[in-house]
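Asks: Next come the chains, spelled out residue by residue.
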Amino acid sequence: MLEHLELFFKSIFIDNMVFAVFLGMCSYLAVSKKVSTAVGLGAAVIFVLAVTVPLNWLLDQYLLRDGALVWLGPEYADYNLSFLSFILFIATIATMVQLVEIVVEKFSPSLYNSLGIFLPLIAVNCAILGGSLFMQAREIPSLGLAFNYGVSSGIGWFLAILAIAAIREKIRYSNVPAPLRGLGITFIITGLMGIGFQSFGGMLTGDNEPPEPTENNAAELTPEKELEKEMEEDEKTVSYNEVVNK
Amino acid sequence: MALLSKKDANLILDPLADNNPITIQVLGICSALAITAELKASVVMAISVIFVLGVGNVVISLLRNIIPSKIRIIVQLIVVATLVIVVDQVLKAFAYELSKTLAVFVGLIITNCIIMGRFEAFALGNGPWRSFLDGIGNALGYGVILIIVGFFRELLGSGTLFGMPVLGDPIAKTGLYATGYENNGFMIIPPAALIVVGIIIWVQRSRNKALIEEA
Chain A
1 MLEHLELFFK SIFIDNMVFA VFLGMCSYLA VSKKVSTAVG LGAAVIFVLA VTVPLNWLLD
61 QYLLRDGALV WLGPEYADYN LSFLSFILFI ATIATMVQLV EIVVEKFSPS LYNSLGIFLP
121 LIAVNCAILG GSLFMQAREI PSLGLAFNYG VSSGIGWFLA ILAIAAIREK IRYSNVPAPL
181 RGLGITFIIT GLMGIGFQSF GGMLTGDNEP PEPTENNAAE LTPEKELEKE MEEDEKTVSY
241 NEVVNK
Chain B
1 MALLSKKDAN LILDPLADNN PITIQVLGIC SALAITAELK ASVVMAISVI FVLGVGNVVI
61 SLLRNIIPSK IRIIVQLIVV ATLVIVVDQV LKAFAYELSK TLAVFVGLII TNCIIMGRFE
121 AFALGNGPWR SFLDGIGNAL GYGVILIIVG FFRELLGSGT LFGMPVLGDP IAKTGLYATG
181 YENNGFMIIP PAALIVVGII IWVQRSRNKA LIEEA
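Sequence lines, in order, name chains A and B.
Each residue of the first sequence is one higher than the one before, counting from 1 in full-length UniProt numbering.
Each residue of the second sequence is one higher than the one before, counting from 1 in full-length UniProt numbering.
Don't take every hint at face value.
[Unchecked claim] Computed cross-link-like contacts, DMTMM-like style, restricted to lysine to aspartate or glutamate with a CA-CA straight-line distance of at most 25 Å: (1) A:Lys33 to B:Glu120; (2) A:Lys33 to A:Glu169; (3) B:Lys92 to A:Glu139; (4) A:Lys33 to B:Asp18; (5) B:Lys100 to A:Glu139.
Treat the hints as calculated values from the structure; they're not laboratory data.
With the hints as extra help, turn the sequences into a complete structure.
Replies: So, in structure tokens, the structure goes:
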């Protein structure tokens, strides 16, 4: 139970998909102009990650990793197919996205209308493939944890795109230097938010592993930035509530 | 440029500056930022993408009349995935340490938006030679930004280039460090990459006003 909780918070805040490893940046930048579309894409990402990460975990466990084929018989114990993981993972993702699209369209037209246009985009979103590849690289031990990892990194991505979309809606009223308008300022804001998120790094380093040196640096750098971030976040919640109420 | 006609040369030159995949088209940012803390990793990443995009564009261009348009995404993904596996295996065989640093980001070349973007936008409608030039040009444009970011992050963050100390020894206080200069630890952490790219965009758009976005 405790490890589930730990993985959950770690994937949302410390190893946040956007701020710590820059996954899914393309759609993060392209679809974050309005809060409502950002919410749609964020939800679709959570959904697809929750499906594909456990599925790819099963593939990795019973097909790809060193000695995974041992369930076929002892003579298969020496096979290591892990070089095939890229192609199998991406094929699974592309198929699942297509399948999810068909199923959602059939059973819940209203959900399809809100998620529909985003689903095909998601097949080539690095956050999705990244989720599976990190799952493999970190050797997540059980199916339950893999599902947890998928959902929580999806939530992390959702939070990030929601925050930037809210800030971008607000920033339209600010006087940004002309060459920075649009893309440039979005990059810099994301960087500042990333610095804020770095301060979560100390959250789970209480027990057995010593904190990494980079996290120390981050902790020294962040207090003022974090305040800024908190203020930004307050603003965000307010503007988001306004949008919802409308 | 006797080798290339003017039109063909533009295919390579345009993406280097005015139509840069990262700063203008906003493609392929995902993998670009995470590995730029060191110059060496940036260079290897740039070379990998040049290979994958150059070859991939040619393959897709040769197959463009055979691929049914309904399943073209899957076909494209398979082509990229195959090329990336080749890159990954080569890196593991000849540069194992480096492949550890790049880790999953080699795999993430598959979902690099530049690659799918160029396949869709160019290779599906043009011949192999032009597609090849377009692929090389865009990958070079991507690589240039990667190398600029990697250069500044490694120089300011660790005082080294390609792992070689260039500003003197921070512990023995030689070279620039004798004057009280310190490494900027901020450049090493991930968010610094975003800010460096933001500044590159700023500089580029200040120099070329035509690129400025409407408010």
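Asks: Each hint should be assessed against the structure and marked as holding or not.
Replies: Outcome of the hint check:
no., hint, result
1, A:Lys33 to B:Glu120, "holds, 24 Å"
2, A:Lys33 to A:Glu169, "holds, 7 Å"
3, B:Lys92 to A:Glu139, "holds, 19 Å"
4, A:Lys33 to B:Asp18, "holds, 24 Å"
5, B:Lys100 to A:Glu139, "holds, 15 Å"
The structure shown violates none of the earlier numbered hints.
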